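Model the placement of chain B on the given structure of chain A, informed by the hints.
Just so you know, the sequences run in chain order A and B.
According to my numbering, the first sequence holds residues 89 to 657 in order.
According to my numbering, the second sequence holds residues 135 to 466 in order.
Be careful, since some hints might not be right.
Said to hold, decoys possible - Now the in silico label distances, taken between C-beta atoms and shown as ranges:
(1) 288/B x 479/A: 52 to 58 Å
(2) 487/A x 362/B: 57 to 63 Å
(3) 267/B x 487/A: 45 to 51 Å
(4) 277/B x 627/A: 40 to 46 Å
(5) 199/B x 283/A: 35 to 41 Å
(6) 421/A x 203/B: 54 to 60 Å
(7) 574/A x 197/B: 31 to 37 Å
(8) 574/A x 150/B: 50 to 56 Å
(9) 283/A x 453/B: 56 to 62 Å
To be verified - Reference listing, derived: stretches of chain A covered by chain B, where coverage requires no fewer than 3 residues with Cβ under 8 Å from a Cβ of chain B:
(10) 315 to 329
(11) 508 to 519
(12) 573 to 583
It should be emphasised that the hints constitute simulated quantities derived from the structure, not laboratory data.
Quick caveat, the model's predicted, so the values are computed rather than measured.
By construction, the Cβ of each residue, glycine as well, lies at the ideal position given by its N, Cα and C atoms.
Below are the chains, spelled out letter by letter.
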Amino acid sequence: MRAIKRVAVTAIAVGLLAAGCGGGDKPIGGASSGTPQASSSGGGQGTYKKGGTVTIANVGGQTWPCQFNPFNPAVNQQALGFVYEPLTFVNVLKSGATTPMLATAFAWSPKKDSIVFTIRSGVKWSDGQPFTADDVVFTFNQMKAQPALDLYSLWTGAGLTSVTGSGDKVTMKFKAAAEPYFFNFANQVGIVPKHVWSTGEAASKPGTWANTKPIGTGPFTVASCSSNNISYVANGSYWQPGKPYVEKVQYPAYLDNNPANLDLASGKAQWGGQYIPNIDKFYKSKSPENNYWFPPTANVAIIPNLDPSHKVTSNLAVRQAIAYALDREQISKIGESGYQPAANQTGVVTPTFDKYFDKDALATAGYDKPNPDKAKQLLQGAGYSASNPLKLNVITVTGYTDWDASLAVVKQQLAKVGIELTVQDLQQQSYNQKLFTGDYDLAYSSLSGGPTPYYELRQLLYSKNSAPIGKQASSNYSRYLKPEVDKLFDQYASADADTQVKLIKQISSYMIKDVPVIPTTESVDWYQYNTKDLQGWPTQDNPYAQPAPYNIPDVGQVLANLYSKSAQK
Amino acid sequence: MRYLIRRLGFFVLTLWAAMTLNFFIPRMMPGSPEQALRERFSKGGSVVSPEQLRTVLAEFGFDPDKNILLQYVEYLKAMVTGHWGVSVGSSLGVPVTSLIGDALPWTLGLVGISTVLAFVLGTLIGTIAGWRRGGLIDGIVPPVFIVTSALPYFWVALLLISLFAIGNNPLLPNDFNYEQGLTPGFNGEFILSVLKHGILPAGTILITAVGGWILTMRNNMIATLAEDYVRMARAKGIPNRRIMFGYAGRNAFLPNLSGFAMSLGFVISGTILVEYVFNYPGLGYMFYNATVSTDYPLLQALFLLVTLAVLICVLLCDFAVFLLDPRARTKG
Chain A
89 MRAIKRVAVT
99 AIAVGLLAAG
109 CGGGDKPIGG
119 ASSGTPQASS
129 SGGGQGTYKK
139 GGTVTIANVG
149 GQTWPCQFNP
159 FNPAVNQQAL
169 GFVYEPLTFV
179 NVLKSGATTP
189 MLATAFAWSP
199 KKDSIVFTIR
209 SGVKWSDGQP
219 FTADDVVFTF
229 NQMKAQPALD
239 LYSLWTGAGL
249 TSVTGSGDKV
259 TMKFKAAAEP
269 YFFNFANQVG
279 IVPKHVWSTG
289 EAASKPGTWA
299 NTKPIGTGPF
309 TVASCSSNNI
319 SYVANGSYWQ
329 PGKPYVEKVQ
339 YPAYLDNNPA
349 NLDLASGKAQ
359 WGGQYIPNID
369 KFYKSKSPEN
379 NYWFPPTANV
389 AIIPNLDPSH
399 KVTSNLAVRQ
409 AIAYALDREQ
419 ISKIGESGYQ
429 PAANQTGVVT
439 PTFDKYFDKD
449 ALATAGYDKP
459 NPDKAKQLLQ
469 GAGYSASNPL
479 KLNVITVTGY
489 TDWDASLAVV
499 KQQLAKVGIE
509 LTVQDLQQQS
519 YNQKLFTGDY
529 DLAYSSLSGG
539 PTPYYELRQL
549 LYSKNSAPIG
559 KQASSNYSRY
569 LKPEVDKLFD
579 QYASADADTQ
589 VKLIKQISSY
599 MIKDVPVIPT
609 TESVDWYQYN
619 TKDLQGWPTQ
629 DNPYAQPAPY
639 NIPDVGQVLA
649 NLYSKSAQK
Chain B
135 MRYLIRRLGF
145 FVLTLWAAMT
155 LNFFIPRMMP
165 GSPEQALRER
175 FSKGGSVVSP
185 EQLRTVLAEF
195 GFDPDKNILL
205 QYVEYLKAMV
215 TGHWGVSVGS
225 SLGVPVTSLI
235 GDALPWTLGL
245 VGISTVLAFV
255 LGTLIGTIAG
265 WRRGGLIDGI
275 VPPVFIVTSA
285 LPYFWVALLL
295 ISLFAIGNNP
305 LLPNDFNYEQ
315 GLTPGFNGEF
325 ILSVLKHGIL
335 PAGTILITAV
345 GGWILTMRNN
355 MIATLAEDYV
365 RMARAKGIPN
375 RRIMFGYAGR
385 NAFLPNLSGF
395 AMSLGFVISG
405 TILVEYVFNY
415 PGLGYMFYNA
425 TVSTDYPLLQ
435 ALFLLVTLAV
445 LICVLLCDFA
455 VFLLDPRART
465 KG
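This is chain A alone, in the form it adopts within the complex:
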């Protein structure tokens, strides 16, 4: 048994560079996941010598509070992945392929209402204490005892009923099929050490505890922190042998894009996560070692208000007309300089989620290319004409210059079919207020995605995520209420992988039929990386994790795989 485990660990060590490419490359719905097979596709042969520093330029817009409580949503981006690790890593860019982390395997019950994790042995906390299944059980039960810690509402919303341990197994039981929450509980919850969190302030006020010297299992530990920089150093006793290769991580607190962009362009910082206008000229041309890659993960869309009180936008013909009138390629090219690819009316982000994409349905409905004539027809049918033009308002956030540019294109395209669009730039807070409470006709908006299109579509279309006008909706801002669609979402949880693909296609057929949301471009992970000294970055050919440094816990995957060229000599 021991020997097998050692082989397994080595396999992970070798295979993680290509994490998710090998045996892990199975959808989230797979019945279980073992160790990923070693794979050569990522070039991850053997181990590398230690050394080197990576400096992250990610605009957090704040000075560092120097707190590392993984349950505090304001600071967990600096703790998860770096210091705290999840049970299993779920790769959004690989249709939810899983990579074992603190759990070596998991198995769902047939009804998918309970799951058993096998906890990895031989892992040590950074203070030397052994990591056990007890820590996992403690972490989840703590979230029950302190609702403020339960960020993903696992106990209240997902129907988690118990988390128990026995030996190296941890069993989580749910009221109903809970597979869609796997992404949250296995991937986004950082496991904390019981021996630290069960005493003192950590035990009495776990939600607000500062946790300035975090003890975790992750590849790095916090060496020092000041309001303008966090220094991480490699965790000497990290459980993946040889890793991390990079010895130091500097994370300066950038308040604004400009200085971060300058530091990225000059190579002072090697890892970026922001929108750089004119990136080829400003960043790429400054050095052949400056690279960028923007993988799409979700939609940017025009959200029409479907509530009957909004007579124009709740009219299907009007929404269809808008969807037909748009030339999304052009919006992408002009508005987003091509950085964000064109979206499509099914709401499925391509090429990331290609296998859920129903190209034929899109073409049959005529949404595969712009069709201004059809748009004009529809508007005529709805009673609009040159003498009675349709006037619409769209709200957007002031300062989002790329959105402004996109909307300028949208405005032009709609003008051609006889819709007068007025763009209303609002302060973030006012915009949110209007969007959340449904006080708008059209809104330009984007949400975050997940490992399959289900996550974004459910946010957009599930009726429970909506709310009456005047009340804050949690994500279904268009107020789309369709029992048939709800039913499809409900079936997804217990369905097998193939059925899930079918369900997504069925759901996207409603996107085409009812046009509850009008996607324009696909929102992307902003990601810049410098290869002068550092190698092992996620790339288009080897998308082993979401590459922008603000993604948690993906940031930990990237950090554990980077290595310094100069240190290899």
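Coordinates of chain B only, in the frame set by chain A:
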């Protein structure tokens, strides 16, 4: 004496009025800490329900449903006793006092010193220019600085960055208050780093601020030089230097003093733009950030500081005028 008491009474009344405004204005702004947190949190790719965010915020002491008058009374009490609470914005859970404590020295150091420097330099140059009216200095310096003082802060800042801070081996750093990775402490390397990082932002403030002082001082000086007592001093054969500084300068300086007090007061709020452009983690940026994330406790504390700073500076200025200007004493 009545003059001083009246000033003190005015001080207390203004403070109360300002604190009341500070309480109500942020709450009348659109948005709430909950919405700001939701907005920021969704960037990480995770979906947290609004109810959950309320629970989290409640844990940190933010309760939007509490009676507003009760909140107001508690607020006044907290402001007076110094229990400023914890941030409910982007630095969720960090005590406001420690946030401000981190940023205050940098703002005082950077903006404070450069404001004082601009004032001292401007006053000196203005005095000399006014004294030698029509001379070489008077011919060149004021016109140049009229132009620079009219330039927008951020434009000067960007100009300086593109002159000195761009390229692979920049002359001067374009961001932060010291080299990242250095541990703050009293050693040569750290102090040098702080100074190097301060040059561009301080330079920006100097360039744009000094002109105003030169101009007003020069004009005051010219007006004062026409007074009889200056002529009298000259007639008595008092050395020029003493007339320039002790007779004319001292009196020409008085009107500038209250302006200086005001600008010192505003140092606390920092020159937001300068800190923003240079990524200088001072109070100015914190102010901006607190507004964006609707961070009531932090906003309240910062407003209080600004109000206090301005009021105290004005009060001190009143006292200084009281000491320097005999007329103020006799009038009271």
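Here is how each hint holds up against the structure:
no. : hint                      : in the structure
1   : 288/B x 479/A: 52 to 58 Å : 37 Å, violated
2   : 487/A x 362/B: 57 to 63 Å : 59 Å, holds
3   : 267/B x 487/A: 45 to 51 Å : 48 Å, holds
4   : 277/B x 627/A: 40 to 46 Å : 57 Å, violated
5   : 199/B x 283/A: 35 to 41 Å : 38 Å, holds
6   : 421/A x 203/B: 54 to 60 Å : 55 Å, holds
7   : 574/A x 197/B: 31 to 37 Å : 33 Å, holds
8   : 574/A x 150/B: 50 to 56 Å : 55 Å, holds
9   : 283/A x 453/B: 56 to 62 Å : 59 Å, holds
10  : 315 to 329                : holds (count 4)
11  : 508 to 519                : holds (count 4)
12  : 573 to 583                : violated (count 0)
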